[in-house]
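A.B. asks: Sequence:
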Amino acid sequence: MAKYRKLGRTSSQRKALLRSQVTDLLYRGKIVTTEAKAKEIRKIAEKLIAMAVREKDNFETVTVDAKVAKKDSDGKRVKEVVDGKKVTVYETVKKEITKDMPSRLHARRQMLKVLYPVKEVPTELAGKKANTKTVDLTEKLFNEYAPKYADRNGGYTRIVKIAQRKGDGALEVLIELV
1 MAKYRKLGRT
11 SSQRKALLRS
21 QVTDLLYRGK
31 IVTTEAKAKE
41 IRKIAEKLIA
51 MAVREKDNFE
61 TVTVDAKVAK
71 KDSDGKRVKE
81 VVDGKKVTVY
91 ETVKKEITKD
101 MPSRLHARRQ
111 MLKVLYPVKE
121 VPTELAGKKA
131 NTKTVDLTEK
141 LFNEYAPKYA
151 DRNGGYTRIV
161 KIAQRKGDGA
171 LEVLIELV
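One point on numbering: in the UniProt record's numbering, the residue at position 15 of the sequence shown is 15, and numbering is uninterrupted.
Heads up, a few of these hints could be off.
As the list claims (entries may be wrong) - Heads up, simulated BS3-like pairs for lysine-lysine below, C-alpha to C-alpha not over 30 Å straight-line:
(1) Lys-161 <-> Lys-15
(2) Lys-56 <-> Lys-119
(3) Lys-37 <-> Lys-140
(4) Lys-37 <-> Lys-119
(5) Lys-43 <-> Lys-133
(6) Lys-15 <-> Lys-70
What the hints assert, rightly or not - Label-pair distances were calculated between CB atoms; the ranges are:
(7) Val-32 <-> Lys-86: 55 to 61 Å
(8) Val-178 <-> Lys-86: 28 to 34 Å
(9) Lys-70 <-> Ser-12: 47 to 53 Å
(10) Glu-124 <-> Val-32: 24 to 30 Å
(11) Val-87 <-> Pro-117: 33 to 39 Å
(12) Lys-71 <-> Lys-166: 56 to 62 Å
(13) Thr-134 <-> Met-101: 21 to 27 Å
If you are wondering where the hints come from, they were derived from the structure by calculation, not from laboratory data.
Every residue, glycine too, gets a C-beta built ideally from N, C-alpha and C.
Produce the entire structure from the sequences given, and follow the hints as far as they go.
C.D. replies: What follows is the structure, given as structure tokens:
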């Protein structure tokens, strides 16, 4: 018996398809696909969420001194002349950052091996490249999904059968996060 479904694709095509659909599922919360693909997506997505649940509290908060450019009322950097050259003025600010412990960092990198980067475009500014922002799905897994599923032992996804597709008769399903 095979350990996974081949989905009628080469290994690189299959890996790209599953990565894409897992990324979409974790970003949107639910997707519509075929039953065979959904069962494969479920395996990957549940492993990622379980990893996030295991490592959700494995970080420390550290206070660091950061140099930040001083800005005027218009939001532009303040510059002063030193030895005939214009130099930006910096001020030291204390910032609190979260520092991952080694096992959480490893988990984050394992997640990044599977997930594609997601760009979010506001609807009113669609078509403009400058207005896109990158969504950090690993952060979403650690901060949103991990606390939500902390008291659950697996079973983070649900597959609901919809109907057969008109073209080829494949069974379509809705896979969603519980």
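A.B. asks: Hints first: check each against the structure and report whether it holds.
C.D. replies: So, going through the hints one by one against the coordinates:
1. Lys-161 <-> Lys-15: 24 Å, holds
2. Lys-56 <-> Lys-119: 24 Å, holds
3. Lys-37 <-> Lys-140: The hint holds at about 23 Å.
4. Lys-37 <-> Lys-119: 24 Å, holds
5. Lys-43 <-> Lys-133: It holds: about 29 Å lies between the C-alpha atoms, which stays within 30 Å.
6. Lys-15 <-> Lys-70: 47 Å, violated
7. Val-32 <-> Lys-86: 55 to 61 Å: 57 Å, holds
8. Val-178 <-> Lys-86: 28 to 34 Å: This hint is violated: roughly 57 Å between Cβ atoms.
9. Lys-70 <-> Ser-12: 47 to 53 Å: 50 Å, holds
10. Glu-124 <-> Val-32: 24 to 30 Å: 27 Å, holds
11. Val-87 <-> Pro-117: 33 to 39 Å: Holds, at about 36 Å.
12. Lys-71 <-> Lys-166: 56 to 62 Å: 58 Å, holds
13. Thr-134 <-> Met-101: 21 to 27 Å: 24 Å, holds
Violation of the numbered hints given earlier is confined to hints 6, 8; the remaining hints are satisfied by the structure.
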